[in-house]
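Read top to bottom, the protein sequences are chains A and B. Taking our numbering, I'd label the letters of the first sequence as residues 5 to 299. Taking our numbering, I'd label the letters of the second sequence as residues 23 to 301.
None of these hints come from the bench; they were simulated from the model. Check the hints yourself; a few may be wrong.
Quick list of the computed label-pair ranges, beta carbon to beta carbon [what the hints assert, rightly or not]:
1. B:Leu-47 <-> A:Lys-203: 26 to 36 Å
2. B:Leu-108 <-> A:Asp-152: 43 to 53 Å
3. B:Ala-222 <-> A:Gly-48: 37 to 47 Å
4. B:Ser-153 <-> A:Leu-279: 37 to 47 Å
5. A:Asp-152 <-> B:Ala-85: 27 to 37 Å
Partial selection, computed: residues in chain B whose CB lies under 10 Å from chain A [what the hints assert, rightly or not]:
6. Leu-26
7. Val-45
8. Phe-52
9. Val-112
10. Tyr-119
11. Ala-120
12. Phe-124
13. Leu-137
14. Ser-152
15. Ile-169
16. Ala-170
17. Leu-240
18. Val-279
19. Ile-280
20. Gln-287
21. Val-291
Chain A regions said to be covered by chain B (calculated; three or more residues, Cβ under 8 Å) [as the list claims (entries may be wrong)]:
22. 59-68
23. 270-277
Note that CB positions come from ideal geometry on N, CA and C, so glycine has one too.
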Amino acid sequence: MRLTDRRFAALLMVPAALFLAAFVAWPIVRLVMNSFYDISPIAGGPRTFVGLGNYTTALASSGFRSSAVRTLAYTVLVVSAEFVLGLATALLFSAIGRRSAVFRTIFMYPLMIAPVVAGLLWRFLLIDNSGIVNTLLARVGILHSASDIGWLSNSRIVLFSVAIPDIWLTTAFMALVLFAGLQNIPGDVIEAARLDGAKGWTLLRRIIVPLLRPVIAVTLIVRGIDAAKAFDIILIQTGGGPENASQTLSLLIYRTMVRFGEPGLASAMATMYLLVMLAVAVAAVVTIWRPGADA
Amino acid sequence: MNGLEIRRPATRTLLWALLVTVVVLYAFPFLYLLLTSFKPPLETLAVPPTVLPSRWTTANYAAVWASHGVPASFINSISTATISTLLSLVLAVPAAYAITRFRTRAGRFFVMLALVTRMVPPVAVGIPLSSTISSLHLLDTPTGLAIAHTTISLPLSIWLMSSFFEAVPDELDEAAKVDGCSRLGALWRVVIPVVSGGMAVTAIFAFLASWNEFLFALLLTSVRAQTTPLAIANFQTQFGLDWGSMTALAALYSIPVILLTLLLQRHIVAGLTLGAVKG
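Let the hints inform the model, and build the full structure from the sequences given.
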């Protein structure tokens with residue numbers, strides 16, 4: 005008996021589909037179910053159905069609301085800094101041309117470093133009065149003394165500080181992808197614009213950025229989603245402190261679950277977080293990628 | 023190169039100076055980590071810190087390699103990443119082939135679903151996933167952790183492999199079938215050899231995703247299957263950080279993958295920019 009092509013295609017997809025169903029979809033179902041219960045942190049302990057109780061508790065808690073705001077601020081900060089730095093670097097590579105290849109190679113190495121290593125490394129660089137960054141800043145005269153900035157101990161600036169390793173780690177990704185995009189812009193388009201007198205800022209704003217729009221959209225989405233999920237890079241630097249000032253949603257959910265032993269409440273928080281992420285993701289995929297729809 | 027290249031010599035000199043500065047600044051943090059790892063252990067805590075070691079020594083490396091659980095954590099990291107990479111490829115290759123070759127509605131739906139999976143925050147599925155893994159009796163084993171890591175790398179692998187299959191003309195499969203291959207035979211004997219380069223790229227990304235992962239490792243392992251990122255974090259104690267050991271272990275853990283990257287950089291850039299640039 006010969007299978008139709010459609011059946012054959014379905015058979016090839018079944019293993020991957022089953023895997024994702026068992027290890028992604030099913031855990032999500034359990035997460036959502038857990039969010040309606042008050043659960044004892046002890047394995048096999050009692051579960052009481054509380055309806056939407058966990059959701060109202062979460063929404064009423066200022067910790068949850070401020071973590072949500074912090075997650076958004078962190079994401080916007082990381083992605084916009086990376087984008088500006090990445091685009092500037094990509095333009096620099098393009099302006100220099102082919103001979104920048106060696107430098108592009110050196111530039112990409114942080115891509116392979118574990119976030120937990122990057123977080124620890126920057127914690128080491130930024131440690132208040134003994135970090136090399138403050139020491140160097142003081143030596144060149146930018147800081148009065150090395151202990152002037154408490155990067156990771158000042159709750160007003162800590163959210164910026166914990167974002168630095170993330171920006172450092174992935175500016176290379178932005179730069180390389182945008183550089184590849186720049187290489188795909190036909191040379192005569194740029195020449196024509198130059199002949200019309202466009203240069204510098206105008207050339208960038210009117211010609212280059214609009215032509216790069218699809219590439220920019222995809223990189224911003226990919227990085228935005230990743231930044232919103234950041235966990236280890238922050239955990240290892242501050243553990244969410246001081247005074248929870250660097251506690252994003254991932255950290256809050258983790259601590260609510262593991263430290264404070266409230267799996268039900270944590271599940272409700274995670275469900276809301278997941279729903280927002282999925283809504284953003286689906287909107288982005290449908291409007292921008294449309295995978296498989298092109299011919 | 024296109025019209026963005028600047029040719030005026032004076033401007034070029036300036037741009038070169040800028041580029042060198044940017045790259046040196048960008049490379050400095052990791053360079054500093056390497057330098058620190060070669061300092062005598064006490065010097066890593068010096069206030070104010072020094073840049074160059076006063077005396078080069080491998081004492082930190084010797085100490086960290088002798089600490090409890092560190093060599094074992096490397097073995098765990100290698101086995102977890104290897105299992106996860108194999109699992110990703112075995113699942114992603116046929117799925118991606120089906121998606122690009124047959125273009126069914128189910129295929130389109132599936133690729134969307136796989137992409138959406140990428141957006142699921144690990145912290146949300148971590149705990150329920152750990153009870154699933156636990157009911158399979160795979161908690162605190164490299165296989166259990168590899169399964170969790172595959173939930174991250176599989177969507178990426180399907181996406182990458184789809185792009186590689188699209189670059190192979192349909193005529194190739196057709197010719198194989200005319201020559202008497204079954205559909206599965208055409209995939210296995212004709213198409214797979216052609217996309218082997220793409221499979222290598224996909225394998226690197228899957229391997230790295232597992233190699234560098236932290237949260238699932240934290241939730242799914244305790245002692246036996248602990249991977250090196252956890253071991254690195256463990257040098258953070260209540261007495262402060264043991265920077266000498268930490269930097270040495272971080273260097274040991276990062277250098278193999280950095281070398282791999284430099285070796286395969288052309289392919290890696292291709293993998294990073296696929297999708298994005300095509301999009």
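- Could you tell me which of the numbered hints above are not met by this structure, giving the numbers in increasing order? Violated: hints 4, 22.
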